[in-house]
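J.: Protein chains in written order, with the numbering used here: chain U, 51 to 272; chain Z, 28 to 247.
Among the clues, some could well be false.
Lysine-lysine pairs mimicking DSSO-like chemistry, simulated, CA-CA at most 30 Å apart [unchecked claim]:
(1) Lys-79/Z <-> Lys-259/U
(2) Lys-79/Z <-> Lys-164/U
(3) Lys-242/Z <-> Lys-149/Z
(4) Lys-79/Z <-> Lys-262/U
(5) Lys-79/Z <-> Lys-149/Z
(6) Lys-164/U <-> Lys-97/U
(7) Lys-97/U <-> Lys-243/Z
(8) Lys-164/U <-> Lys-262/U
(9) Lys-149/Z <-> Lys-243/Z
(10) Lys-146/Z <-> Lys-262/U
(11) Lys-146/Z <-> Lys-242/Z
(12) Lys-242/Z <-> Lys-97/U
(13) Lys-231/Z <-> Lys-97/U
(14) Lys-149/Z <-> Lys-259/U
Using C-beta positions, here's what the derived DEER-type ranges look like [as the list claims (entries may be wrong)]:
(15) Ile-247/Z <-> Gln-179/U: 33 to 39 Å
(16) Ala-241/Z <-> Val-165/U: 25 to 31 Å
(17) Thr-54/U <-> Ile-113/Z: 22 to 28 Å
So the derived list for chain Z, only partly shown, Cβ under 7 Å to chain U, looks like this [claimed, not checked]:
(18) Asn-94
(19) Thr-95
(20) Pro-96
(21) Leu-98
(22) Leu-99
(23) Tyr-102
(24) Ser-110
(25) Gly-112
(26) Ala-152
(27) Leu-172
(28) Ser-191
(29) Tyr-219
(30) Ala-223
(31) Tyr-226
(32) Ala-232
Think of the hints as simulated: they come from the structure by calculation, not from any bench. Glycine included, each C-beta is placed from N, C-alpha and C at the ideal position.
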Amino acid sequence: MTYTFTLNDLFFMAQGALITFVLTITSGIIGSTVGFFVGWARTSNSKIFYYLLGLYIDIIRSIPLILQFVLFNSFMAIAGYPMSPFFSGILTLSVYISGYVAEVVKAGIDSVPKVTRNSSRGLGMTYLQDFIFIVLPIGFRNVFPSWTGLMLGLMKDTSLIAVMGATPPELLRSSQIIINRIHEPIFILLGAGCFYYIMCYSMTYFADKYEKHHHIKSIELR
Amino acid sequence: MFDYTFHWRVVWKNIPELIQGASLTLQLTIFSSIIGLLIASALVLFQQSNSKYLRSISSTWVSLARNTPALLQIYMAYFGLGSFGIHLSSYVAVLGAISFNNAGYMTEILRGGFSSVSKNQKFAAEGLGLSKLQTYIYVIYPQVLRTVFLPMTNQLIWAMMGTSLGIIIGLQELTGMTAFLQSQTFRPFEFYFIAALIYLFIAKAVTLSATLTAKKFLRI
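Pulled out of the complex, with its shape left as it was, chain Z reads as follows (with noise of 0.2 Å):
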């Protein structure tokens, strides 16, 4: 039944462009965390502040990103922006759609964060003289960290296996590296496989490196 011989020399041979993939695919996972929690911030404040219109663009933006596929974002940002005239190359436009993403969901974390701690203890800092400043520093985002934190290393790991979808458009991420290379190689099944191994090693590293920081200073 199982007459074939691996070849796992080919993939020893091309480690360091799979290295390279992995890299980019490291590097777009940062920068669209990075990104994402920044609108996601705003987002939250546009939340809870009085104005209309900034409440229904923070509601827009989470329902959108949450209720379709990210393929289909990143489709949006590579073909669809195309019809307006602007060509994006595909490694900013899987950035603007994984970031468009997860800002998207790192609003709904961030929203329990807050929902989390409770109206006490704003009053309370209030009635011990607190300025509303130092509420925030020192009360409300401390919690708010702490609760927030292993989803949001969660969501790291999404944003990472979302960059894979990079492939589709041609982009050369650790997906899109290895797929170039087996169709040289013809050895599909050993580059899919280490290239699994690696974003494994990746996602086992940012969950290992995440749990270890919250057991030391926030001691989660």
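Only chain U is shown next, with the shape it has when bound in the complex (with noise of 0.2 Å):
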């Protein structure tokens, strides 16, 4: 008996697709908060925060997703408190894009010229107000493309949790499991990466359409 491609199947891995891009919004909303502040303490004067931070970013950026994947969830089993390997999934994904995050933030707030703070200071902001008011508006215009960039990494990311057999099975894992039943590879597999491409491009359409209204020019980071 040969099995086919049903639209069952194509329906399984948009529900795949659908996974992926709620992993890709969770784990990149509590990694850009938890970055954003890794970021901002880098920038204050004290140098313990600005190494130790920096230690937590130079480990999360230097070793391999997978082997966080693996590391995170094996210790958490032998620290006794064993958890599914979709949540420690994302709690791995957020740790690791918030180390990325934490870079493109300070990045962002040491754009902003020690001229144009200073004369905040100057007519009396605090410095809260100076960071509100001042700081994270031009900031976050000149690393906005940047952190685009950086979300648009984490949702192909996603892909690695596959690995550790989390379930519900996002859009490569989906397509893995149809390409066992149904042996055409290249066809599931060219439809996995159209349904890739479409996601990141619409996604990088509205930070296009974004950047437009609002006369943001990327500037390289470098």
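Can you join these two chains into the complex? Each is in its own frame, and there are hints to help.
T.: Listed below in structure tokens is the structure:
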């Protein structure tokens, strides 16, 4: 008996795409929030914060994500708090992306000229007022393109939680399940690629629109 | 809460295998970066050419490589090409897929490097009587190298992390080897921890030597 690709399979893949989307949004929000505070703390005058958080970022950025998933999962297991792979996947992804976001946030805060900050303080603003009304709006504009780039990367990285056998399956895992059934790898993989491409493309499209609307010029970060 | 005894001796006994895996990882990283760089240089030239076809080849490659997950690209190389009767070993599949991925990202880096050199420099060099080749060798390339060098080292580390995906198609590079060893000894945490340390060490070594080189020879 031969199996063929049915409409149900397409729904299954679309459902996987939805899971990918949910994963991206959830860990994107958590990771960006954590990363924002880490990056902010790194711009403070305290050297201890700078180096300690620098170490955190360094470690996150030089260990493959796949290894971080497995390490975190097995660590929680031996610490006596076994977690579902899906949940620990979200946590690991959030921690992972927070390291990258922290660097972007730091670059954004540093991109605000010292003179601007000094003059806002000179006008009688408190540190917090200066940060919220001066630094955030300017810095956000400067690093918005890099941040969208990170979120795109995050969406592609969600495909790795399949390694731990997380359920419900996200896009790549669900296409692999279909491949196992109907043995038509190139066809299904191309379909999955199209799904990813469409998702990434639409994210870029909306980001571009937002940038155009707010006259954000992308600044190369180095 | 924490009733787990660590057994590091098992890991110590298997260090030679881990190092063997690490050397495979390094090898894949270096080869895929070299191939990627070669392709990327060609793609950047395509972008600047007048031919519409060459430009569209370049832009298609870049958008495909950057908008799909590396894991999907590896699946494509390993399972997908099988449909056409091309059966690659897992080594070649990972090498090919990561090179493909690298080429896309490196093209963008190189493009950024070229666009950072102002057009006036080219005109000035022409005005000083340099030939086209001389302009590129003495004026444009040195400046491109300076802007591109550090992002390229970042990309090298990305490539290293990308090779860890080889585990999924059964390649025994560092991650794959670690997975294999832990399945034999039932000590997942210890093995993965040491593997993570090795990755950290390699990445740090690459970054450090790159920054030193940049300071010493490129004065960045």
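J.: Would you check whether Tyr-219/Z satisfies its interface hint, that is, whether its CB is within less than 7 Å of any CB in chain U?
T.: With a minimum Cβ separation of about 5 Å from chain U (threshold 7 Å), the hint on Tyr-219/Z holds.
J.: So does Ile-247/Z sit 33 to 39 Å from Gln-179/U, Cβ to Cβ?
T.: 37 Å, holds
J.: Was the hint right that Leu-99/Z lines chain U, CB cutoff 7 Å?
T.: At about 6 Å, which falls below the 7 Å cut-off, the nearest Cβ of chain U leaves the hint on Leu-99/Z intact, so it holds.
J.: Do the numbers back the hint for Pro-96/Z, that is, is its least Cβ distance to chain U under 7 Å?
T.: 4 Å, holds
J.: Given the hint that Lys-164/U pairs with Lys-262/U, test it: the Cα-Cα distance must not exceed 30 Å.
T.: The hint holds at about 27 Å.
J.: Can the restraint linking Lys-149/Z and Lys-259/U be considered satisfied, given a maximum Cα separation of 30 Å?
T.: Violated - the C-alpha atoms of Lys-259/U and Lys-149/Z are around 34 Å apart, more than 30 Å.
J.: Is the interface hint satisfied for Ala-223/Z? The criterion is a beta-carbon contact with chain U at less than 7 Å.
T.: At about 5 Å, which falls below the 7 Å cut-off, the nearest Cβ of chain U leaves the hint on Ala-223/Z intact, so it holds.
J.: Interface hint check: Leu-172/Z, Cβ to nearest Cβ on chain U, cutoff 7 Å. Holds or violated?
T.: For Leu-172/Z, the interface hint is violated, since the closest Cβ of chain U sits about 14 Å away, which is over 7 Å.
J.: Measure nothing beyond the straight line between the CA atoms of Lys-231/Z and Lys-97/U; if it is 30 Å or shorter, mark the hint as holding.
T.: 21 Å, holds
J.: Let me know if the C-beta of Tyr-226/Z comes in closer than 7 Å to any C-beta of chain U, holds or violated.
T.: 5 Å, holds
J.: Does the structure keep Lys-79/Z and Lys-164/U at a Cα separation of 30 Å or less?
T.: 46 Å, violated
J.: Does the alpha-carbon distance linking Lys-79/Z and Lys-259/U stay inside the 30 Å limit?
T.: Distance ~27 Å between Lys-79/Z and Lys-259/U Cα, so the pair holds.
In this structure, the hints that do not hold are numbers 2, 14, 25, 26, 27 and 32, in rising order.
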